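Just so you know, the protein sequences line up as chains A, B, C, D, E and F, in that order.
Reminder that position 180 of the first sequence reads as 228 in the numbering used here, one-by-one numbering, no gaps.
Reminder that position 178 of the second sequence reads as 226 in the numbering used here, one-by-one numbering, no gaps.
Reminder that position 32 of the third sequence reads as 80 in the numbering used here, one-by-one numbering, no gaps.
Reminder that position 161 of the fourth sequence reads as 209 in the numbering used here, one-by-one numbering, no gaps.
Reminder that position 178 of the fifth sequence reads as 226 in the numbering used here, one-by-one numbering, no gaps.
Reminder that position 122 of the sixth sequence reads as 170 in the numbering used here, one-by-one numbering, no gaps.
Incorrect hints may have been included.
Same chains, same label: a pair holds when it works inside one copy or across any pair of copies.
[As the list claims (entries may be wrong)] Derived EDC-like pairs: lysine to aspartate or glutamate, alpha-carbon spacing no greater than 16 Å straight-line: (1) LYS279 x GLU126; (2) LYS279 x GLU196; (3) LYS129 x GLU262; (4) LYS243 x GLU196; (5) LYS131 x GLU196; (6) LYS268 x ASP242; (7) LYS243 x ASP272; (8) LYS131 x GLU200; (9) LYS101 x ASP202; (10) LYS95 x ASP124; (11) LYS71 x ASP83.
In short, the hints are calculated from the structure, not lab data.
Given the structure is predicted, the values throughout are model-derived calculations rather than measurements.
In case you want the letters, here they are:
6 protein chains.
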Amino acid sequence: MTRPSGRMNNQMRELSIISHVNKHAEGSCLVKCGDTHVLCTASVEMKVPAWMKGMHSGWITAEYGMLPRANAQRIDREAIKGKQDGRTHEIQRLIGRSLRAVVDLHQMQGMTIKLDCDVLQADGGTRTASITGAWVALRQAINKLLAEKKLERDPMLGQVAAISCGVVQNNPVLDLDYVEDSNAGTDANFVMNDKGQLLEVQGTAEGAPFTADELMTLVKMASDIMPIIMKKQLEALK
Amino acid sequence: MTRPSGRMNNQMRELSIISHVNKHAEGSCLVKCGDTHVLCTASVEMKVPAWMKGMHSGWITAEYGMLPRANAQRIDREAIKGKQDGRTHEIQRLIGRSLRAVVDLHQMQGMTIKLDCDVLQADGGTRTASITGAWVALRQAINKLLAEKKLERDPMLGQVAAISCGVVQNNPVLDLDYVEDSNAGTDANFVMNDKGQLLEVQGTAEGAPFTADELMTLVKMASDIMPIIMKKQLEALK
Amino acid sequence: MTRPSGRMNNQMRELSIISHVNKHAEGSCLVKCGDTHVLCTASVEMKVPAWMKGMHSGWITAEYGMLPRANAQRIDREAIKGKQDGRTHEIQRLIGRSLRAVVDLHQMQGMTIKLDCDVLQADGGTRTASITGAWVALRQAINKLLAEKKLERDPMLGQVAAISCGVVQNNPVLDLDYVEDSNAGTDANFVMNDKGQLLEVQGTAEGAPFTADELMTLVKMASDIMPIIMKKQLEALK
Amino acid sequence: MTRPSGRMNNQMRELSIISHVNKHAEGSCLVKCGDTHVLCTASVEMKVPAWMKGMHSGWITAEYGMLPRANAQRIDREAIKGKQDGRTHEIQRLIGRSLRAVVDLHQMQGMTIKLDCDVLQADGGTRTASITGAWVALRQAINKLLAEKKLERDPMLGQVAAISCGVVQNNPVLDLDYVEDSNAGTDANFVMNDKGQLLEVQGTAEGAPFTADELMTLVKMASDIMPIIMKKQLEALK
Amino acid sequence: MTRPSGRMNNQMRELSIISHVNKHAEGSCLVKCGDTHVLCTASVEMKVPAWMKGMHSGWITAEYGMLPRANAQRIDREAIKGKQDGRTHEIQRLIGRSLRAVVDLHQMQGMTIKLDCDVLQADGGTRTASITGAWVALRQAINKLLAEKKLERDPMLGQVAAISCGVVQNNPVLDLDYVEDSNAGTDANFVMNDKGQLLEVQGTAEGAPFTADELMTLVKMASDIMPIIMKKQLEALK
Amino acid sequence: MTRPSGRMNNQMRELSIISHVNKHAEGSCLVKCGDTHVLCTASVEMKVPAWMKGMHSGWITAEYGMLPRANAQRIDREAIKGKQDGRTHEIQRLIGRSLRAVVDLHQMQGMTIKLDCDVLQADGGTRTASITGAWVALRQAINKLLAEKKLERDPMLGQVAAISCGVVQNNPVLDLDYVEDSNAGTDANFVMNDKGQLLEVQGTAEGAPFTADELMTLVKMASDIMPIIMKKQLEALK
């Protein structure tokens with residue numbers, strides 16, 4: 049099988065992370081994973097959500113959006129529909145959980161950091177690109193808080209990045225673009241830390257059920273690419 | 049380690065599936081998995097969603113709800129808040145995908161079957177109990193359509209059921225109740241078919257990251273219990 | 049005239065009230081009035097609504113919902129429509145008013161009790177069944193507060209129950225089921241206390257206007273059945 | 049007992065109905081019942097609601113609103129709160145039902161008449177004033193349709209009007225203003241036709257339960273005043 | 049060119065301002081500009097919006113609404129649509145800005161005055177009539193606050209009124225009614241103070257672009273009529 | 049007076065318009081006016097809004113959004129607040145009107161072009177930058193439709209661009225950035241065509257009323273810069 053893009057099965061798309069693309073935000077980057085472009089910003093607020101009062105902790109949360117023409121077909125603006133749809137909820141919950149998994153929230157009492165991931169252009173893999181970029185923006189924001197002595201100790205416990213894998217025509221492939229995603233039998237997203245451990249696994253049989261062995265193959269493929277993605281993250285921080 | 053319930057690590061809670069609990073619905077059952085009680089109904093409509101017109105297919109979708117006092121703390125009614133929250137969206141999308149994975153939608157042209165899963169009482173594992181129960185209600189509804197000759201051929205390709213597993217204090221355990229779920233390092237839901245294949249995997253490191261090996265242990269645990277759950281489903285259909 | 053159910057004109061459907069159907073709620077029961085099944089729970093909160101601050105009083109309120117397939121035709125979930133419809137508002141306001149009429153709210157300062165009445169299956173008379181069941185759940189919750197010494201004195205001033213009557217083909221009949229309700233010329237709901245007094249009367253000429261005399265006949269019919277309903281409530285509390 | 053207004057117990061407030069206050073509407077009047085002022089308009093549309101297609105009938109419906117400063121305290125605009133509250137729903141459903149009770153909808157196939165009742169200033173009894181005024185606006189609109197030959201036969205079966213009564217300090221009184229309404233033990237609204245029959249009865253024990261005898265006294269009081277109100281309606285139509 | 053109404057190009061419609069039309073409001077008037085009728089009320093609240101806390105200032109804001117049958121075609125009630133539309137937002141923002149421009153908000157610390165402008169009947173020019181009437185209601189409310197010593201000094205810096213002008217078939221005309229407005233090439237609204245200065249200019253080429261010279265002609269026309277409108281405002285206050 | 053940016057009073061910020069920044073859209077550009085960055089896309093749909101059926105015309109409309117961290121302070125996402133606020137409505141209505149003023153909609157029957165203007169970073173003047181960029185995206189989309197023969201004749205009647213001017217400390221200045229905008233006595237936006245005519249004027253006295261003469265000075269300043277902006281637009285199209 050040849051992939052539509054001509055890539056090898058375990059080959060990721062060109063990944064670039066451009067830092068400091070927003071003059072207001074405490075952290076920001078533009079992640080480009082092939083034709084998927086996501087703008088990530090980190091915003092610090094010196095307060096916590098109401099339900100967290102008295103819990104001696106800080107909070108990290110994420111929001112996800114798509115510009116109406118990020119896709120081949122224009123989609124209606126959620127602000128006009130009056131609510132975020134199910135997919136948006138699912139993705140922003142995933143981003144938030146992934147980042148909280150590498151931060152000691154008790155080290156950032158009284159603070160909230162909001163990560164906004166807005167997709168300017170989509171071509172598959174927007175949620176994993178969002179996680180990868182959001183970590184960079186979060187790292188910048190925390191560095192700023194440390195430099196300004198608003199944080200005494202670094203609450204960041206590690207690095208987090210994400211990638212999708214899938215089974216297309218019985219072949220396990222890495223980093224699906226939109227065309228492949230639409231034709232995948234199985235599609236899985238992996239969020240990992242810099243120790244090679246898993247933080248989130250989401251696998252879905254969109255067309256064909258998968259076995260435990262196939263799941264392992266995909267985990268392996270994702271694990272192998274992680275050091276390369278994480279190196280890009282660190283370069284963006286320099 | 050002793051589990052709070054005294055169960056063995058690979059022991060599921062008492063599971064019962066009571067059929068025909070609703071005199072109006074084309075299919076219905078009350079699933080009780082320990083203290084988690086979910087009422088599942090299947091409703092047949094002789095039309096398809098607008099976006100599906102002209103696609104020579106039928107549709108299966110699910111909705112999920114919780115009565116306000118299903119939990120220890122009363123939660124506000126989503127009808128009053130004016131929208132379903134992110135968790136609800138995530139769960140009902142999962143139920144719908146899981147059921148569609150075992151149905152040939154092209155065999156049920158022009159029909160929609162809606163599965164409503166309403167949690168009367170919650171004690172962990174409501175989404176997996178919903179999937180297990182929804183399949184029974186769906187099977188009943190399809191049987192009725194076959195009996196009434198509204199369907200020529202059985203569109204059902206197999207059986208589907210679900211269970212949660214987790215890592216609690218480094219021990220892999222099956223079928224977490226609420227207390228365990230709150231303390232789990234990792235929590236995973238597995239949706240499988242009757243061939244032992246995976247349809248959905250959702251694993252989350254709520255407290256502690258997990259390795260590929262740990263994921264495999266959980267997959268194994270879930271696979272082993274599936275035949276027992278599926279037997280209960282078939283008994284409920286008699 | 050023979051009633052569709054074969055009941056006599058002044059005969060109520062089989063009524064059963066099953067207590068303690070929810071392990072979390074401070075009070076709960078499942079009311080079955082024929083094929084109308086309503087799950088009622090009472091939830092205690094140690095605070096009052098914002099508008100009640102400084103009024104040295106407590107509050108009792110009710111919410112009403114219908115599962116999507118409670119009826120012959122599935123109805124859309126109010127959580128998805130984004131609001132409760134007019135009928136729901138009307139009913140939950142009625143339930144709340146009826147219960148407040150038999151409680152001295154000043155005896156329960158700083159507390160709110162919320163009664164949730166959720167219709168699992170409907171066959172006419174859901175609002176009156178809700179009131180009858182909600183009183184049982186409320187009584188249980190207040191008993192619990194008294195036992196826990198959170199209430200010093202019993203704020204409950206009496207018992208409350210409700211029943212519908214109607215005029216079908218010029219015959220006054222008791223406790224209309226759905227088929228009768230759809231064909232009734234006049235439909236009326238009566239909420240009464242244990243002294244035989246009226247708390248609420250709602251009479252509507254759905255097909256045929258009614259006279260003062262006919263209204264009196266219906267009041268009499270409702271009054272006569274009340275002791276029997278109230279006995280069932282007390283039995284459920286044992 | 050002397051009433052705050054000095055009126056006798058069975059004395060209504062000054063009632064005036066000014067017709068043709070809106071140059072666009074097919075029917076319109078301004079009802080003034082003491083300091084309660086309601087603007088009623090009837091709007092004809094040559095179509096029926098979607099759910100009524102194929103039913104060979106027309107439709108009559110009502111909407112009710114209050115200007116933000118109709119009351120002593122300004123209330124938030126429902127357009128800003130994003131929804132109509134429970135009381136509004138209850139009232140507009142009552143107005144619609146009352147008017148439909150005196151119209152043969154099958155005589156107005158394919159037409160909808162919408163009655164808008166907007167309270168410019170409130171002092172108790174806004175819902176009954178709305179019904180009284182809405183009938184006048186409806187009668188005008190139907191007259192116009194008859195004159196224009198859009199209706200062949202008069203679908204109006206009779207006249208409808210409404211009044212409130214209540215028990216204040218154990219005295220039955222007619223047409224409560226806001227001060228009395230706030231202090232009433234029982235408050236009841238009666239909608240009647242020109243044959244002296246009841247179309248709607250809504251009685252609520254706001255402070256003190258009431259007996260069947262008291263209910264009869266209030267029905268009598270309302271019946272006695274109806275001819276006077278209906279005469280005003282007819283005069284407004286001249 | 050003859051105007052549809054027979055008015056001269058620089059002739060305003062008959063303008064009347066009737067004060068004290070609402071017994072509850074701190075200020076109120078009914079503005080009639082031809083067949084455009086707007087009810088304006090001023091409501092005083094002894095608090096400021098949350099975002100204004102600690103700013104040692106008061107606040108003035110406006111809301112605008114249209115009764116459903118204010119126009120030739122009935123429009124849906126915004127309370128039912130669940131939100132105010134873009135035009136409503138635009139107009140109420142304009143009214144609020146215009147009034148704030150002639151008040152020293154620091155002289156009314158801790159107070160909010162809300163101006164409600166509700167269109168009972170529309171025939172073009174509702175936003176300018178609203179501004180003209182809202183100023184009268186605001187002046188009355190402030191006079192009341194001064195009389196009650198709730199304000200020490202008069203925060204009102206001047207008078208404000210508004211008028212529309214337009215270019216119809218290449219003729220500049222004053223105070224367009226609905227028919228003219230629909231056919232205007234250019235439509236402009238001018239808000240001015242009693243020194244002849246501009247507070248707001250909104251000019252739109254609805255059919256034909258306009259030159260700077262034409263804009264000047266319209267400004268002149270509006271300026272010339274202002275003293276007459278402002279005299280009416282003062283007369284209404286007597 | 050020296051401007052905060054050091055610019056001369058009639059000096060615009062650096063303006064750049066980068067075309068084809070979105071691979072899916074029929075037209076797109078990124079407008080940078082100093083630190084104000086707006087992404088504009090044009091999306092063609094081969095249908096018209098429901099209200100336009102049978103009118104033998106096409107339609108052009110615009111939507112406007114701001115990413116949450118476009119500003120110094122993060123603002124809540126309108127998709128979460130559940131509605132677009134008043135300012136958003138006002139701006140997108142302005143953009144749509146401005147573009148429709150230079151297109152013969154009857155030449156594009158059965159088509160809708162939607163212009164999405166999303167502010168990635170804000171520093172004053174986002175609405176005028178949006179208009180300037182939206183015209184470029186619209187021109188590209190129309191060129192594409194002409195090239196594909198979906199349009200027979202060019203419906204575009206001219207070029208449109210916009211700029212803000214203001215009076216800051218009594219000095220008329222061009223193209224206000226955020227700091228100046230916050231301190232302006234008067235703020236005005238001008239939308240003009242390539243014949244030097246006005247399409248829209250919006251002038252607001254935010255702090256100090258303005259005279260007709262001052263308005264003329266601002267109109268002049270805006271007129272003078274237009275050819276330069278329009279040249280940039282044409283260069284972007286090459």
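Against the structure, the hints:
1. LYS279 x GLU126: Neither, since 35 Å and 35 Å both go past 16 Å.
2. LYS279 x GLU196: neither (26 Å within a copy, 45 Å between copies)
3. LYS129 x GLU262: Neither: 39 Å inside a chain and 41 Å across chains, both beyond 16 Å.
4. LYS243 x GLU196: Intra 29 Å, inter 51 Å, cutoff 16 Å: neither.
5. LYS131 x GLU196: neither (37 Å within a copy, 36 Å between copies)
6. LYS268 x ASP242: within (15 Å within a copy, 26 Å between copies)
7. LYS243 x ASP272: So LYS243 and ASP272 pass the 16 Å test inside one copy only (12 Å; across, 30 Å).
8. LYS131 x GLU200: So LYS131 and GLU200 fail the 16 Å test inside a copy (38 Å) and across (39 Å) alike.
9. LYS101 x ASP202: Classified as neither; 22 Å inside a copy, 34 Å across copies.
10. LYS95 x ASP124: This pair counts as between: shortest inter-copy Cα distance 15 Å, intra-copy 33 Å.
11. LYS71 x ASP83: between (24 Å within a copy, 8 Å between copies)
Hint compliance for this structure: hints 1, 2, 3, 4, 5, 8, 9 are not met, and every other hint is.
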